[in-house]
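Line order of the protein sequences matches chains A, B and C.
Going by numbering that gives the first Met the number 0, the first sequence opens with residue 0, and the numbers climb by one from there.
Going by numbering that gives the first Met the number 0, the second sequence opens with residue 0, and the numbers climb by one from there.
Going by numbering that gives the first Met the number 0, the third sequence opens with residue 0, and the numbers climb by one from there.
Worth double-checking, as some hints may not be accurate.
[Unchecked claim] The calculated lysine to aspartate or glutamate pairs, modelled on EDC-like cross-linking and capped at a C-alpha distance of 16 Å, are:
| no. | chain 1 | residue 1 | chain 2 | residue 2 |
| --- | --- | --- | --- | --- |
| 1 | C | Lys163 | C | Glu73 |
| 2 | C | Lys169 | A | Glu7 |
| 3 | C | Lys110 | C | Asp56 |
| 4 | B | Lys147 | B | Asp113 |
| 5 | B | Lys147 | B | Glu115 |
| 6 | C | Lys110 | B | Asp75 |
| 7 | C | Lys163 | C | Glu79 |
| 8 | C | Lys169 | A | Glu11 |
| 9 | C | Lys1 | C | Asp131 |
| 10 | C | Lys1 | C | Glu73 |
| 11 | C | Lys163 | C | Asp35 |
| 12 | A | Lys90 | B | Glu18 |
| 13 | B | Lys96 | B | Glu179 |
| 14 | C | Lys110 | C | Glu172 |
| 15 | A | Lys90 | B | Asp120 |
| 16 | B | Lys147 | B | Asp120 |
| 17 | B | Lys147 | B | Glu105 |
| 18 | A | Lys90 | B | Asp75 |
| 19 | A | Lys71 | B | Asp120 |
| 20 | B | Lys96 | B | Glu18 |
| 21 | C | Lys169 | C | Glu29 |
Hint data in this document are derived by calculation from the structure and do not stem from the laboratory.
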Amino acid sequence: MSPSHVVEHDRESTMIRGVLRLESVDSYDVVFAPARAHLALAGGNYTLDVSGVSLMNSSGIRALANLVLLAKQHGATLVVLGSEAVAWQRKTLASLSALYERVEVRLA
Amino acid sequence: MIESTRQDLSQKTPLSTLELHFVPLDFVMHWHRCGLAADHFAAHLAYTFDNRAAARDVLATVVNELLENAVKFSSDKSLSASLTVKHYGEWLAIQTKNRTDARRAESLNTLVRDFETHSADALFFTRIESPSGGESSPSGLGLLVLQKDYGVRLTIECAPAADGSVEVFVEALIHTDELENQ
Amino acid sequence: MKLTLAIAQSRADIMRSQALIAEIYNREYEVMFSDDHYDLVAKVEPWPHRYVMGTIDGELACAAGLYVHSTYVERFGLIEAQDIRELRRQAGLPAGDVPNREITKLVVNPKYRGLGLSRMILGAAHTRAFLDADGSTPNLLLCSKRSLVGSMHHREGIHPRVIKPFPIYKIHELYASPADPMDSYLILPEVDIPPSLYDRKIPDDYEIGRSGDER
Numbered sequence: 000m001s002p003s004h005v006v007e008h009d010r011e012s013t014m015i016r017g018v019l020r021l022e023s024v025d026s027y028d029v030v031f032a033p034a035r036a037h038l039a040l041a042g043g044n045y046t047l048d049v050s051g052v053s054l055m056n057s058s059g060i061r062a063l064a065n066l067v068l069l070a071k072q073h074g075a076t077l078v079v080l081g082s083e084a085v086a087w088q089r090k091t092l093a094s095l096s097a098l099y100e101r102v103e104v105r106l107a
Numbered sequence: 000m001i002e003s004t005r006q007d008l009s010q011k012t013p014l015s016t017l018e019l020h021f022v023p024l025d026f027v028m029h030w031h032r033c034g035l036a037a038d039h040f041a042a043h044l045a046y047t048f049d050n051r052a053a054a055r056d057v058l059a060t061v062v063n064e065l066l067e068n069a070v071k072f073s074s075d076k077s078l079s080a081s082l083t084v085k086h087y088g089e090w091l092a093i094q095t096k097n098r099t100d101a102r103r104a105e106s107l108n109t110l111v112r113d114f115e116t117h118s119a120d121a122l123f124f125t126r127i128e129s130p131s132g133g134e135s136s137p138s139g140l141g142l143l144v145l146q147k148d149y150g151v152r153l154t155i156e157c158a159p160a161a162d163g164s165v166e167v168f169v170e171a172l173i174h175t176d177e178l179e180n181q
Numbered sequence: 000m001k002l003t004l005a006i007a008q009s010r011a012d013i014m015r016s017q018a019l020i021a022e023i024y025n026r027e028y029e030v031m032f033s034d035d036h037y038d039l040v041a042k043v044e045p046w047p048h049r050y051v052m053g054t055i056d057g058e059l060a061c062a063a064g065l066y067v068h069s070t071y072v073e074r075f076g077l078i079e080a081q082d083i084r085e086l087r088r089q090a091g092l093p094a095g096d097v098p099n100r101e102i103t104k105l106v107v108n109p110k111y112r113g114l115g116l117s118r119m120i121l122g123a124a125h126t127r128a129f130l131d132a133d134g135s136t137p138n139l140l141l142c143s144k145r146s147l148v149g150s151m152h153h154r155e156g157i158h159p160r161v162i163k164p165f166p167i168y169k170i171h172e173l174y175a176s177p178a179d180p181m182d183s184y185l186i187l188p189e190v191d192i193p194p195s196l197y198d199r200k201i202p203d204d205y206e207i208g209r210s211g212d213e214r
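Bound-form chain A, shown alone (with noise of 0.2 Å):
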């Protein structure tokens, strides 16, 4: 079966696009790696676009609670890419801007 979903990334930002229900949280390390590396540099910025994932389960807002939590740690600045017409992005995705005053939740 063709993967679930794409991802893109560069030096300072990861693009995702698709259906991201993996097994645990720990299946996301791959997929968020580099964010993780590049948040790990003290003062780091990174841009994570998700507009285009249709769906994600819960392991993935985990997942992605714990790169907020790195950010933080690290003191970097993060900023989450969505999308207003994805039901789970509209509903969840601005929960995360309230664990760290750095990261910034744009839904377009």
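Following the hints, complete the assembly by docking chains B and C onto the known chain A.
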């Protein structure tokens, strides 16, 4: 209020019922089956809503969460479990039944107690910042998201089974307004 | 009691083998399986490509798998092709372009433990009939705890050659330990497996008993 809703619904015959009997091991063997099953249930039920795409996505999220939990937290993955969705017109009841062990049942009971004494929002942040139990025990984060963000009313019941295991019943009640008004 | 050893051919037999492997590996090591990805941190393993099974009265009693390519040792063991060529040279075999395969996921149904079935299925997995998927004699790679190589392989007259220590991964946290670590090994069937085992006929029936004796 949830108890009165549940009591009302228990007197009614669902307009439509869809049920899946499964062995959790099947989903361990191919994890993508969880999403497949959730999507099928969601697409099936979405026909009754005007905005099918939006209703389908919400239903897929709710069904997938309950199904993943039933699979992950079944102690003996070869014992049969079930996923049922009952459509009562104004309410949808998404239910799972599975067997677990005493340790996981105790984690669930702790979650139930926390639900009764804390708001879903507060509990969500507490559990994010202080995770407990690891992957083999339910953290309840997914269920908290359903309560907090999807207006789901949850019931979790654990009862001892004859063989020493624990029968778990989880029900997510969601009002159809949550699915219509997207 | 009779054990029938056979290579899983039908979809049903493959599915039965996978179900037994998944049940035991998930219960004992919290491992999941996938067709399209693997992740040792997340404890997701790839499915083997072939299976050998042992049945008692039609019930699956034991099974083992084979990676016919993309072996675990190559993917995760940090070995080099040169490591294998050198060991072949030391054994007096030509370096050649030989496929790498790996026996994996050896399991015994809990209902049938104590009958010596692990030896039986290990033996069946080391036969030419199972290993030579395309008529070629492969390099047989192995990733195992040191204690098991002693208690299982050596006992059957199989002599794995150490390639190097296997790296530590979270997926093995319930399996290996510093006191009994894992290594990557190479088995050269033509010299390291006794001919009486390598040329054993499959399918075939074997008498078994509580002493673990075979016919």
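Hints, one by one, checked against the model:
1. Between the alpha carbons of Lys163 of chain C and Glu73 of chain C the distance comes to roughly 12 Å, so the proposed pair stays at or under 16 Å and holds.
2. For the hint linking Lys169 of chain C to Glu7 of chain A, the alpha-carbon distance of about 26 Å lies beyond 16 Å, and the restraint is violated.
3. Among the hinted pairs, Lys110 of chain C with Asp56 of chain C is consistent with the structure: their alpha-carbon atoms are about 13 Å apart, no more than 16 Å.
4. Taken as a hint, the Lys147 of chain B and Asp113 of chain B pair is honoured in the structure, with Cα atoms around 14 Å apart against an allowance of 16 Å.
5. A C-alpha spacing of about 14 Å is found between Lys147 of chain B and Glu115 of chain B, which places the hinted pair at or below 16 Å, so the restraint holds.
6. With a CA separation close to 15 Å, the supplied pair Lys110 of chain C and Asp75 of chain B stays within the 16 Å bound.
7. For the hint pairing Lys163 of chain C with Glu79 of chain C, the CA-to-CA distance comes to about 10 Å; that is within 16 Å, so the pair holds.
8. Pair hint Lys169 of chain C plus Glu11 of chain A does not hold up; C-alpha atoms about 29 Å apart against a cutoff of 16 Å.
9. Annotation: proposed proximity of Lys1 of chain C to Asp131 of chain C is violated, straight-line Cα distance about 26 Å (limit 16 Å).
10. For the given pair, Lys1 of chain C sits about 37 Å from Glu73 of chain C by alpha-carbon distance, which is inconsistent with the 16 Å threshold.
11. For the hint linking Lys163 of chain C to Asp35 of chain C, the alpha-carbon distance of about 28 Å lies beyond 16 Å, and the restraint is violated.
12. In summary, the hint linking Lys90 of chain A to Glu18 of chain B is not supported, as the alpha carbons are separated by about 28 Å, beyond the 16 Å threshold.
13. With a C-alpha separation of about 27 Å, the suggested pair Lys96 of chain B and Glu179 of chain B falls outside the 16 Å cut-off, and the hint is violated.
14. Between Lys110 of chain C and Glu172 of chain C the CA atoms are separated by roughly 25 Å; this puts the pair beyond 16 Å, and the hint is violated.
15. With a C-alpha separation of about 12 Å, the suggested pairing of Lys90 of chain A with Asp120 of chain B holds against the 16 Å cut-off.
16. With a CA separation close to 6 Å, the supplied pair Lys147 of chain B and Asp120 of chain B stays within the 16 Å bound.
17. Between Lys147 of chain B and Glu105 of chain B the CA atoms are separated by roughly 23 Å; this puts the pair beyond 16 Å, and the hint is violated.
18. Distance check on the hinted pair: Lys90 of chain A and Asp75 of chain B sit about 34 Å apart at the alpha-carbon level, beyond 16 Å; violated.
19. Only pairs whose Cα atoms come within 16 Å are accepted, and Lys71 of chain A paired with Asp120 of chain B is rejected, the gap being roughly 20 Å.
20. Among the hinted pairs, Lys96 of chain B with Glu18 of chain B is consistent with the structure: their alpha-carbon atoms are about 11 Å apart, no more than 16 Å.
21. For the hint pairing Lys169 of chain C with Glu29 of chain C, the CA-to-CA distance comes to about 11 Å; that is within 16 Å, so the pair holds.
Going down the numbered hints, you'll see the structure goes against 2, 8, 9, 10, 11, 12, 13, 14, 17, 18 and 19, while the others check out.
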